[in-house]
Amino acid sequence: MLALAGDPVDGDTGARERLRWFRRALVAWGVARTVVWTTLDAPLDPSVLAASLALLVVALGLAWVPRLETLASRVALPALLAQLALTFPLTPNHFFLEVWATALLAFADRAGAADALVLAGLRWLTAIVLFVTGCQKLAYGHYRHGDFLAFMVGRGDRFADLFAWVLPADEIARLGSYDAFRGGSGPYRVASVPFVLMSNLVWIAELALPAGVLAARTRTVATVAAMAFVAALQLGAREAGFAFLYLNLLALFAPAPLAKGVAATSLAAFGGIVLAALGILPGSALVRAWHLW
Amino acid sequence: MTAKRNAIAALLAIVALWPVAHRVLVARYGIDPWKLGAFAMYATPNLPVLVAVVGTTTSGTTVIDEAALPVWVRRDLDRFRVERAALGTLRDPEDVGRAILAARPDVTSVGILIQRTTLDPATATIRVATPRYVYTR
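Residue numbers (our numbering), protein chains in the order written: chain H, 1 to 293; chain D, 1001 to 1137.
It is worth saying that the hints were derived from the structure and are not from the lab.
Bear in mind the structure is a predicted one, so any value in this text is a computation, not a measurement.
Don't take each hint at face value.
For the chain D half of the interface with chain H, some residues (derived, Cβ under 8 Å), not all of them [what the hints assert, rightly or not]:
| # | residue |
| --- | --- |
| 1 | 1007 |
| 2 | 1023 |
| 3 | 1087 |
| 4 | 1117 |
| 5 | 1124 |
DEER-style ranges, computed between Cβ atoms [to be verified]:
| # | chain 1 | residue 1 | chain 2 | residue 2 | range |
| --- | --- | --- | --- | --- | --- |
| 6 | D | 1134 | H | 279 | 26 to 36 Å |
| 7 | H | 158 | D | 1129 | 48 to 58 Å |
| 8 | D | 1108 | H | 200 | 46 to 56 Å |
| 9 | D | 1070 | H | 42 | 42 to 52 Å |
| 10 | H | 177 | D | 1068 | 31 to 41 Å |
| 11 | D | 1134 | H | 264 | 55 to 65 Å |
| 12 | D | 1021 | H | 45 | 41 to 51 Å |
| 13 | H | 283 | D | 1095 | 40 to 50 Å |
| 14 | H | 181 | D | 1108 | 24 to 34 Å |
| 15 | D | 1128 | H | 42 | 22 to 32 Å |
| 16 | H | 215 | D | 1005 | 31 to 41 Å |
| 17 | H | 194 | D | 1071 | 47 to 57 Å |
Ideal Cβ placement from N, Cα and C applies to all residues, glycine included.
Bound-form chain H, shown alone:
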């Protein structure tokens, strides 16, 4: 099963290069996220945060030394587990994704013998997570008639900007008039066919794209489509953390130059996020609004 996500064209060197850039982006994200956490008014133990940040900075340094790079994830993993304990049970889901990816990378060794295996594991992780999000949307039953998105539009919440434009103004006003804390309020359901269609396209894409990226024949097209889909959706959700992580995971399926470009762009963005969070660059409010914790 794991071999299904492999890529014989890459060969051993290709797998190592992909893991190298993904590792750098992943650990850099851990550092940037932790710096953001230290600037929030969250009830997190500052000494644990500081110790874990120090470990992650060490891991980031290791990730840039080819002879020691495989140690980076092994150093980062205990720091992430400490942060998991610190934030539980409010730990965001993108943090779990970060932990899973770091745990998989920790299986890579200096000799590179497990590189192809680790790459296949990370690709499966990417496919499984996207598939699971689609399954969950089906299981909760709020996407078939567009109820969830109608609710978000009514609340003026995330996704409202992305999906409300197809609804007439009176429908938006009706959805906005309901008291979401009063029993019987609603219905959060609209007649707009394009709106319901878009709602259904979300879970259909989340179920179909994982198969597309796993199959070698459709991989490149599906990867680009998945990247566009995830970027659009996460922009709507204002979930920068999930977007960065997931785009870098999807890049593991992409042609090597694109993968490296995604990682390099992410690294630059993480630098900007750190500087903004620390108040050196403008945009600290934006960093807080984009769910980086």
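With chain H's structure known, arrange chain D on it following the hints.
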């Protein structure tokens, strides 16, 4: 290498299967679909779980002024709010109720009222559950 392959396969199996167990826990205990790593965020609305505390004295039942409670009780109550929202009925309020009762010798009983709001997938309307827990001396 076989050991690594098995370990990676096991990790991926956990990622794939945990959401099934999580869905059962959401249905059975009302845990937060958006939390605990099952990737069900944006599958359903996540409205805040509201918690209020009332106390009964000889003159009747009134809302307890949380600001007047000792700092450690307030901390426990804040923690309870977080844990209850994430863990649903798996997080019982008895310890918090008893702590408030101990901090307020003037009340004969403490009630913890919880409001959990969900969207009914059948009717697309708001459904409110308001369990009430009462602790007496």
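Holds or violated: the 55 to 65 Å window for the beta-carbon distance between residue 1134/D and residue 264/H? Given a distance of about 60 Å, which is inside 55 to 65 Å, the answer is holds.
Is it true that residue 194/H and residue 1071/D lie within 47 to 57 Å of each other by Cβ? With a Cβ separation near 54 Å, residue 194/H and residue 1071/D satisfy 47 to 57 Å, so the hint holds.
Does the beta carbon distance between residue 177/H and residue 1068/D stay inside 31 to 41 Å, or does it fall outside? holds (37 Å)
Do residue 181/H and residue 1108/D keep their Cβ atoms within the hinted range of 24 to 34 Å? Cβ of residue 181/H to Cβ of residue 1108/D: about 30 Å, so the range 24 to 34 Å holds.
Is 26 to 36 Å a correct range for the gap between the Cβ atoms of residue 1134/D and residue 279/H? violated (49 Å)
Any CB of chain H closer than 8 Å to the CB of residue 1087/D? holds (6 Å)
If you check the beta carbons of residue 1021/D and residue 45/H, does the distance land in 41 to 51 Å? Violated, since residue 1021/D and residue 45/H (Cβ atoms, about 29 Å apart) do not stay within the stated range.
Does the Cβ pair residue 1108/D, residue 200/H satisfy 46 to 56 Å? holds (55 Å)
Do residue 283/H and residue 1095/D keep their Cβ atoms within the hinted range of 40 to 50 Å? holds (42 Å)
Return the status of the interface hint for residue 1007/D: holds when the least beta-carbon distance to chain H is below 8 Å, violated otherwise. Hint on residue 1007/D: holds, closest Cβ of chain H at ~7 Å, below 8 Å.
If you check the beta carbons of residue 1070/D and residue 42/H, does the distance land in 42 to 52 Å? violated (23 Å)
Range hint 48 to 58 Å (beta carbons of residue 158/H and residue 1129/D) holds or violated: Check failed, 25 Å falls outside 48 to 58 Å.
In the structure shown, a violation is registered for the earlier hints numbered 6, 7, 9, 12, 16, in ascending order.
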